[in-house]
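Asker: So the chains spell out like this:
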Amino acid sequence: DVKVTQSSRYLVKRTGEKVFLECVQDMDHENMFWYRQDPGLGLRLIYFSYDVKMKEKGDIPEGYSVSREKKERFSLILESASTNQTSMYLCASSLGGRNEKLFFGSGTQLSVL
Amino acid sequence: GESVGLHLPTLSVQEGDNSIINCAYSNSASDYFIWYKQESGKGPQFIIDIRSNMDKRQGQRVTVLLNKTVKHLSLQIAATQPGDSAVYFCAENEYGNKLVFGAGTILRVKS
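Chains as they are written, first to last, in this note's numbering: chain A, 265 to 377; chain B, 61 to 171.
Any given hint might turn out to be false.
Cut-off 30 Å, straight-line C-alpha distance, at most; resulting in silico cross-link-like pairs (DSS-like, lysine-lysine) [to be verified]:
#, chain 1, residue 1, chain 2, residue 2
1, A, Lys282, B, Lys116
2, A, Lys321, B, Lys116
3, B, Lys158, B, Lys170
If we take Cβ atoms under 10 Å as the criterion, some of the chain B residues that face chain A in the derived model are [said to hold, decoys possible]:
#, residue
4, Val73
5, Ile80
6, Tyr92
7, Tyr96
8, Lys102
9, Gly103
10, Ala139
11, Gly143
12, Gly164
Keep in mind the hints are simulated off the structure, nothing from the lab.
This structure is a prediction, so every number in the text was calculated from the model and none was measured.
Virtual Cβ for every residue (Gly too), placed ideally from N, Cα, C.
Go ahead and model the full structure; you've got the sequences and the hints to work with.
Answerer: Structure (structure tokens):
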């Protein structure tokens with residue numbers, strides 16, 4: 265079975281802290297994505313990566329960065345967390361090429377106080 | 061990019077009845093559509109997808125209908141069960157771009 269694993273289900277951080285959200289997939293997928301999910305706003309794309317060491321900005325990259333040092337791992341970094349980054353963060357992966365089907369992790373609910 | 065929207069934010073159905081969840085899309089160039097189910101506390105799970113060269117596709121208890129003329133997508137769930145209670149998202153994709161998601165519809169199944 266396809267598996268996308270996010271390291272934390274719940275996380276509470278203070279304003280100004282540096283936050284790392286980790287995501288690992290075991291399917292040898294080329295593409296990996298980070299979304300945030302907020303009530304009434306649906307899923308919004310933060311960053312994505314089509315290859316190792318490659319990253320592209322999504323629709324809302326401000327305040328975030330990413331790292332993809334290995335094919336299976338895609339990290340989302342909040343350099344200085346702010347309260348408006350309190351959200352559910354979802355990692356996803358897809359096979360690559362024309363295969364758009366995303367497989368999602370269970371999500372990390374981040375609260376910034 | 062253009063957005064994908066939903067007609068009904070909440071749908072309540074009786075157990076055993078059929079459910080129909082609707083989705084309007086605005087990008088006429090979109091050629092791939094997908095439905096996800098998200099249960100409370102979990103990530104979205106793939107349900108079914110369809111390409112624009114089809115107007116209907118069936119899965120296990122689910123059917124997706126695509127009407128390109130009016131840019132409308134629907135998900136039909138037959139014999140709805142309590143385990144079907146979740147938020148359902150549609151998403152669209154134009155070749156070369158990324159999936160664009162709708163805001164979601166809540167499906168509540170009454171026993």
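Asker: Has the given pair, A:Lys321 with B:Lys116, been kept, meaning a C-alpha gap of at most 30 Å?
Answerer: violated (34 Å)
Asker: With 10 Å as the cut and Cβ atoms as the points, is B:Ala139 at the interface with chain A?
Answerer: Nearest chain A Cβ about 26 Å off; hint violated.
Asker: Can the hint on B:Val73 be confirmed by a CB-to-CB distance to chain A that is less than 10 Å?
Answerer: violated (22 Å)
Asker: Would you settle whether the hint for B:Lys102 is holds or violated, based on the nearest Cβ-Cβ distance to chain A being less than 10 Å?
Answerer: holds (6 Å)
Asker: Does B:Ile80 pass the interface hint, meaning its C-beta sits closer than 10 Å to a C-beta of chain A?
Answerer: violated (20 Å)
Asker: Min Cβ distance, B:Gly103 to chain A: is it shorter than 10 Å?
Answerer: Where the cut-off is 10 Å and the nearest Cβ of chain A is about 4 Å from B:Gly103, the hint holds.
Asker: Checking hints one by one. Is B:Tyr92 an interface residue toward chain A, by the C-beta closer than 10 Å rule?
Answerer: holds (6 Å)
Asker: Please verify that hint: B:Tyr96, Cβ, nearest Cβ of chain A, below 10 Å or not.
Answerer: holds (8 Å)
Asker: Was the hint right that B:Gly164 lines chain A, CB cutoff 10 Å?
Answerer: holds (6 Å)
Asker: With a cut-off of 10 Å, does the beta carbon of B:Gly143 approach a beta carbon of chain A closely enough for the hint to hold?
Answerer: violated (18 Å)
Asker: Given the hinted pair B:Lys158 and B:Lys170, is their alpha-carbon gap at most 30 Å?
Answerer: violated (36 Å)
Asker: Take a quick look at whether A:Lys282 and B:Lys116 sit within 30 Å of each other, Cα to Cα.
Answerer: Violated, because 47 Å separates the two Cα atoms, which is more than 30 Å.
The earlier numbered hints that this structure contradicts are 1, 2, 3, 4, 5, 10, 11.
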